[in-house]
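Go by the hints and put chain B onto chain A.
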Amino acid sequence: MKMATALTALNPAYARSNSHLAAIFWKEAKYEFLTRLRLRAYSLSTISFPLMFYVLFGLVINPRDAAVGGTTVTTYLIPTYGTFGVMGASLFGTASGLAAERGLGWLQVKRASPMPPFAYFAAKVALGMIFSTIVVLLLLLLGVTLGGVHLPLPDAAKLVAILVAGSLPFCAMGLAIGYFVGPNSAVAVINLIYLPLSFCSGLWVPIMFLPKLLQQIAHFLPPYHLAQLALGVVGAGQHESNWAHWEALIGFSLICLGVARLGFQRDEGKMYG
Amino acid sequence: MIAAFQETEEHQEQGFRPAGEAIARLQSVSKNFGAVHALRNVDLPIRAGELVALLGPNGAGKTTAVKLFLGLAKPTAGTVSVLGGNPVQSEVRTRIGAMLQVAKVPETLRVREHIDLFSSYYPKPLPLAETLAIAGLGEIKNRIFGELSGGQKQRVLFALALCGDPDLLFLDEPTVGLDVEARRLLWEQIRKLVARGKTVLLTTHYLQEADALADRIVVINQGTIVAEGTPAEIKAQTTGRKIRCVSRLDIETVRALPGVVAVRQDRDALEIRVAQAEPVLRELLARDAGLSDVEVTSAGLEEAFLSLTQNNDNNSTAAVTGR
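Chains as they are written, first to last, in this note's numbering: chain A, 3 to 275; chain B, 692 to 1014.
Bear in mind the hints are in silico, worked out from the structure with no lab data behind them. A couple of the hints might just be wrong.
[Stated by the list, open to error] Here's a subset of chain A near chain B, in silico, CB distances under 8 Å, partners left out:
no., residue
1, S21
2, H22
3, I26
4, F35
5, Q110
[Stated by the list, open to error] Taking lysine to aspartate or glutamate and the DMTMM-like style, the derived pairs with C-alpha atoms no more than 25 Å apart in a straight line are:
no., chain 1, residue 1, chain 2, residue 2
6, A, K32, B, D856
7, B, K889, B, E712
8, A, K29, B, E798
9, B, K832, B, E821
10, B, K889, B, E741
11, A, K29, B, E821
[Unchecked claim] Some, not all, of what chain B presents toward chain A, calculated at C-beta under 10 Å:
no., residue
12, V783
13, L800
14, L808
The beta-carbon is built from N, C-alpha and C at its ideal position, and this holds for glycine as well.
For reference, chain A alone in the conformation it holds in the complex:
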């Protein structure tokens, strides 16, 4: 069987054409999207929760002219609920699907096929990003139409770009979680991480209204950094270095990818080579 290990090196004579690979990635992502779009438990809840919170806490409870610092509440809440929505779309988009497909045998069927494994993960990440985009755009739409938010188009574009890019660390986190939770416990575990993390990062209650200790802790939480980057666009950030926020998010992504890779190798290690 030592000999067998040596056999696993890919034959260089065999290579898919790039166009074939691109076609596989496209179909994998397309059908992942359709699968999830039709799965109401995912599509409806990831989109409607942040919007519902925005309507409740931004439009219903607060008077129109309420402000956080110098920023109206309706404006302030777009980056924060945007971060909240991005986290949900990314974590649930990756972790719950991966945990279920790993645990219930579907991933094994796909691994027995010639599917390039990377296409599978890329599709899950693409899904998280697409739903993140939808959530952020709808939040902006609500803010501009009903919340009296005035945001120049370049700023709005920047806000969307930051939040959608910010989906990546949470997709990585979702992949890591998906490799270490069972198919039935996945949703519960994600919620146990997602909701406290959101609160402590100042996504529900603005960070300056949290106790000092929590404000300190928030610096160790990835959603805090994404929210600060997004709040910076509307001039409501904590005036910390943007680079520090990006570094934190990139570092966190790498750690999560490392953990996910461990899970992948653990599963593959049971395989041949």
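Coordinates of chain B only, in the frame set by chain A:
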């Protein structure tokens, strides 16, 4: 690769039918899961163009064998070669198809969408219409997977195994849990595959299924191959005929008759296993003129299977084999 080239001579030595070259093989393979020996020193060649049924009771090691062939499990000892390579290589995987037991398939995709996705993985997939036709899914191609019946779901998984037009297919318990109607339908479709020149390894614990489909049956029990051959050969390995009759002769007398392999009392009748029915019948009639209710049947695959697997199990009684 090394393993792949050693095959030809060896199985000729063993005197198998020359059905074609072995295109996939487990060679001296053992697989342990912790303390459990799922497979023990198994040698299993699959030759081009044949349909091999790996037949055994639940827990015999059938699924483990399939997973080893597919590169989804790593052998504890021994080598696995598939199409001249290792099953984890992409170029090998593009030439094999697999139908595995899966607890849950994404339910919100349509039948044709599932097939479209899996077809995209292969360099030269069958046209969608052809895959649908072989698997008998044409009528339901637009249905959502979650709304299908058990038989239809199995046929979709079957379609995913064949859509890439692979040379070699692994079907792990394809008809488990299906009713008779659905099972026969799937049998028809598996036969169509073989008619197209595909090589198939199928696992089953339905003896009838192995008998109905296979060119060669490999009987496996407790991780060890206990018999192999054509369905006819497998039957011939055990007693050829079964005589059932009501007689006043006592069981020991009958057991002592030449040609009798085993005797068993079944209510008021005797069940006698013999190699050939006629000489024993003549003897019985000579000794007991009152012999009545005589039935002669051939030992079915079911009995052959029971006896083969029980031979392998020291604890079971010799009720069937009579040894």
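Structure-based check of each hint:
{"no.": "1", "hint": "S21", "verdict": "12 Å, violated"}
{"no.": "2", "hint": "H22", "verdict": "7 Å, holds"}
{"no.": "3", "hint": "I26", "verdict": "5 Å, holds"}
{"no.": "4", "hint": "F35", "verdict": "11 Å, violated"}
{"no.": "5", "hint": "Q110", "verdict": "6 Å, holds"}
{"no.": "6", "hint": "K32(A) to D856(B)", "verdict": "23 Å, holds"}
{"no.": "7", "hint": "K889(B) to E712(B)", "verdict": "13 Å, holds"}
{"no.": "8", "hint": "K29(A) to E798(B)", "verdict": "17 Å, holds"}
{"no.": "9", "hint": "K832(B) to E821(B)", "verdict": "12 Å, holds"}
{"no.": "10", "hint": "K889(B) to E741(B)", "verdict": "8 Å, holds"}
{"no.": "11", "hint": "K29(A) to E821(B)", "verdict": "20 Å, holds"}
{"no.": "12", "hint": "V783", "verdict": "9 Å, holds"}
{"no.": "13", "hint": "L800", "verdict": "6 Å, holds"}
{"no.": "14", "hint": "L808", "verdict": "5 Å, holds"}
Against the hints set out earlier in the document, violations occur for numbers 1, 4.
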